[in-house]
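Starting from the structure of chain A, add chains B and C where the hints point.
What follows is each chain in one-letter form.
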Amino acid sequence: MSELIKHISDPVLELRELSVSYNKENTAVTRVSAGIKRNRVTAIMGPSGCGKSTLLRAINRMHDLYPNVETTGDVFLNGEDTSEMSTIMLRRKIGMVFQRPNPFPTMSIHDNVIAGYKLNGIRLQKSEKNDIVEKSLRDVALWEEVKDSLTKKGTFLSGGQQQRLCIARALAFKPDVILLDEPTSALDPVATKKVEELLIDLKKHYTIVMVTHNMAQAARISDFSMFMYLGELIEYGKTKDMFIKPVDKRTEEYLTGKFS
Amino acid sequence: MIKSERVVKGILFLSSLLIILITAGMMLSLMNGSIPVFKEFGLRFIISSQWNPTEGREEYGAMAFIVGTLLTSLIAIVLCFPLAFSSSLFIGEYFQGTRIAKIMGTLVDMLAGIPSIVYGLWGFYVLRPLIVDLGLNGQGFGVFTAGVVLAIMIIPYATSISTEIIKMVPGELKEAAYSLGATRRDVILRVLIPNARSGIFTSFVLAFGRALGETMAVTMLIGNANIIPDSLFGPGNTMASVIANQFGEAEGLKLSALISIGLLLFVITGIINGIGKLIIKRFNS
Amino acid sequence: MSEAPGNSGDRTLRKRMRKNRIFAGGVIFFSLLTISPILLIVYKLVAKGYRQINFDFFTKNAPDTYEAMLAVGAGEIIPGGILNGIAGSLYMVFIASLIAIPVGLLIGIFLYDQQSKRYAGIVRDITDILQGVPSIVLGLIAYFWVVKNITNGFSALAGSTALAIMMMPLIIRSTEETLKMIPETIREAGFALGVPYHKIILRVLIPSGFSGLLTGILLAISRIIGETAPLMLTALGSMEVNFQIDKPTSAIPLLIWEFYNDPNMVDLIWSSSLLLMMMVLLLNLLSRQIISRRS
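Protein chains in written order, with the working numbering: chain A, 1 to 260; chain B, 1 to 285; chain C, 1 to 295.
Since the hints were made in silico from the structure, they are not lab data. Errors might be hidden in some of the hints.
Said to hold, decoys possible - Listed below are the simulated DSS-like cross-link pairs for lysine-lysine, each with C-alpha atoms no more than 25 Å apart in a straight line:
1) C:Lys180 with B:Lys277
2) B:Lys3 with C:Lys117
3) B:Lys277 with C:Lys117
4) A:Lys204 with A:Lys240
5) A:Lys245 with A:Lys258
6) C:Lys15 with A:Lys174
7) B:Lys9 with C:Lys15
8) B:Lys174 with C:Lys117
9) C:Lys180 with C:Lys117
10) A:Lys129 with C:Lys15
11) A:Lys153 with B:Lys167
As the list claims (entries may be wrong) - Which bits of chain B does chain C cover? Going by a derived footprint, with three or more residues having C-beta under 8 Å, they are:
12) 26–36
13) 240–247
Unchecked claim - The following label-pair restraints were derived from C-beta to C-beta distances:
14) C:Ala189 with B:Arg6: 16 to 24 Å
15) C:Gly25 with B:Gly171: 19 to 27 Å
16) C:Asp262 with B:Ile275: 40 to 48 Å
17) B:Gln96 with A:Thr155: 19 to 27 Å
Note that CB positions come from ideal geometry on N, CA and C, so glycine has one too.
Bound conformation, chain A alone (with noise of 0.2 Å):
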């Protein structure tokens, strides 16, 4: 597995030995390392409980939000360790999309996409707020069916629209990486396709790495997968390669259905 991290060329992120564990005992995240492809979308994929989220939400360190979790290792972004630099710095250059989509709901449209300056408090005029709320929206093929409503709150929107804003907000900052965990779970299919297509999209500009637990959409979408089971790092390799010929048998037992 280690062979992957010197086989990918041009690595946005470098995951080292990286584990998680809960009040000292549970290890969700047991020593996991491997190298992100720039441009790529690389999935992590696994059933439930095998620390897929974990293991996402410990690349921009969430985890220091709550006491009783230890992370150890290393996360390494273009070349810089990120236990260096300031939780804040680090969040502005990767940016996360949740599973349920959460748009603020104080906040208008256009509020919430540049929320990310206003919580740290840096102030844009009020052309170059309006430049980054269209572009982030068309990025997000989002600007036609609401540039008339910026000014109202979010909440009107549809689920699946909820979500694009959702990503516009995290784009707003032009981060090198978006996760996103399962963001496509709370959605309808054709919302879910929209997305999907989006995120291909994106992988143009950005590097995406993407926590789902449907294994089709891996497939569908992603460049790269990972395969987690019960915290460790089963199989990582090209999403083709994997899904037709899987070096693990465990692996292989996923993809064939024996267990979710």
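Then chains B and C, alone, in the frame of chain A:
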């Protein structure tokens, strides 16, 4: 079967009438007792700040006490705000779910259990000398002193509701904010508070309503002067404290005046509490 | 980083982290400030009050002002105790409970039974209004209803009436809340067995919710036991222990008020207050115990 059920429902219904009767009866009794004074002075009673019980030249007015009540309660709310708000952030956000939060919550609740008269004693023996030393009032009595003790007394009311509201803000909203690089302070000021705004506001409205009716502690510290307070640190009286102070041998017109003040107090607290409840209802729907 | 605008300099970052720390510090500081009064008050009561607490404290009536003056002059503990106050408080709480508990329970059950009906909503609103009425106004009411019209003079009944009206909304609310928490299936099981409604209430609901109901009552009692204002207008006070319902009677808070106003007896306020606080605390602790025992 059906008969016994009807009997039971009947008894329950009758009991519900009781509380309506009591409340209505209260209003009627208060209004009844107020008639003499309103007959004598009309609506002027409410705006007049005269209070002269000498025979032959009696004149009564409620304004001095309305002002006293509002002043003390306002001071109380203003002083209580940073304390109560910090406590609810402490319990509901910073240390939420931990043992420390529980202990803190218990201690704050204990504040509500201390009897009013004990607060009055503490205010008299501990706070008053402080006020004298600070040179704010010669004897340490006054609107401000009463306001300070009042502030402490209403903290638990403001805190408990605020804490619940703060806890109810969805974690995912906060996580989304953190994932955008916000600090804890940013999350609290720009996400938590906007989402909890009306709930927090209501808790302070209700605490204010509580402060309006507080009697003993205020009586012991406000200085018992039947005038509109001339300054924040001057003496005065509130609607509740004047009743307590002057009820002793009141009769005739004076008694009626005190009852009218009781009526006013009843109405004002009713309105404030009603507004608070209304906001909560709106907030929940 | 990416091409995003905005000051991402080191200096602003440090400034923001500093603001973050100051804010957190402020929250903690004010929170500690908030709880300091309790600690200070309890400390003061204990420090000054424990000396006066002895066997006599619980068994003798309050001394008169002359005896007190002599004792203070001689540097001795003031003789006597607060038996009249303790007895009066317990007596009036008892009578008030006799009135308020049945009524409160019944109305609470009514509200639970009628949940979302319009009339029940009105009753609930009125209960809330009653809950917000200042205790001194209740004292005025009891003065008119009882002192003037029933007992022709200050009396324990008048005091109990005011206290009972205070207790009612609290008991009503906690009863309704407790019953609401009982799983619906238990009630349905009773009906399914063909049990008549009053039996369901008595044999199923009340026993199930017993700890919650008891807690509500204990908390209501802890609320009224420290009340002074309404008693000033109704029970007035008395030098002796008095169990006659139509005569004035003493109470612990009333005694504290009397001691406070009498320069000779002032030292007694601490022990009496300490006892009062202990009683309130005990009731609260008891309620918490009951709740945690049950769950």
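Note to self: If you count the residues of the region 240–247 of chain B with a beta-carbon closer than 8 Å to a beta-carbon of chain C, do you get 3 or more?
What the structure shows: holds (count 4)
Check: Taking the CB of Gly25 (chain C) and the CB of Gly171 (chain B), does the distance hold inside 19 to 27 Å?
Finding: holds (24 Å)
Next item on the list: Measure nothing beyond the straight line between the CA atoms of Lys129 (chain A) and Lys15 (chain C); if it is 25 Å or shorter, mark the hint as holding.
Entry: holds (23 Å)
Item checked: Restraint check for Lys245 (chain A) with Lys258 (chain A), where alpha carbons must lie at most 25 Å apart -> holds (16 Å)
Item checked: Holds or violated: Lys180 (chain C) to Lys277 (chain B), with C-alpha atoms at most 25 Å apart -> holds (20 Å)
Item checked: Within 8 Å of chain C (C-beta), three or more residues of the region 26–36 of chain B -> holds (count 4)
Check: Cβ-Cβ distance between Gln96 (chain B) and Thr155 (chain A): within 19 to 27 Å?
Finding: Check passed, 26 Å falls within 19 to 27 Å.
Next item on the list: Could you grab the alpha-carbon distance between Lys9 (chain B) and Lys15 (chain C) and see if it respects the 25 Å cut-off?
Entry: Outside the cut-off at roughly 66 Å; violated.
Item checked: Straight-line alpha-carbon gap Lys174 (chain B) to Lys117 (chain C), limit 25 Å -> Not OK: Lys174 (chain B) and Lys117 (chain C) at ~38 Å, beyond 25 Å, violated.
Next item on the list: Decide if the proposed pair is consistent with the structure: Lys153 (chain A) and Lys167 (chain B), CA atoms, cutoff 25 Å inclusive.
Entry: holds (23 Å)
Next item on the list: Compare the distance between the alpha carbons of Lys180 (chain C) and Lys117 (chain C) with 25 Å, and conclude whether the hinted pair is satisfied.
Entry: holds (15 Å)
Note to self: Between the alpha carbons of Lys277 (chain B) and Lys117 (chain C), is the straight-line distance 25 Å or under?
What the structure shows: Given that 25 Å is the threshold and the Cα spacing comes to 18 Å, the pair holds.
Checked against the numbered hints above, the structure violates hints 7, 8; every other hint is satisfied.
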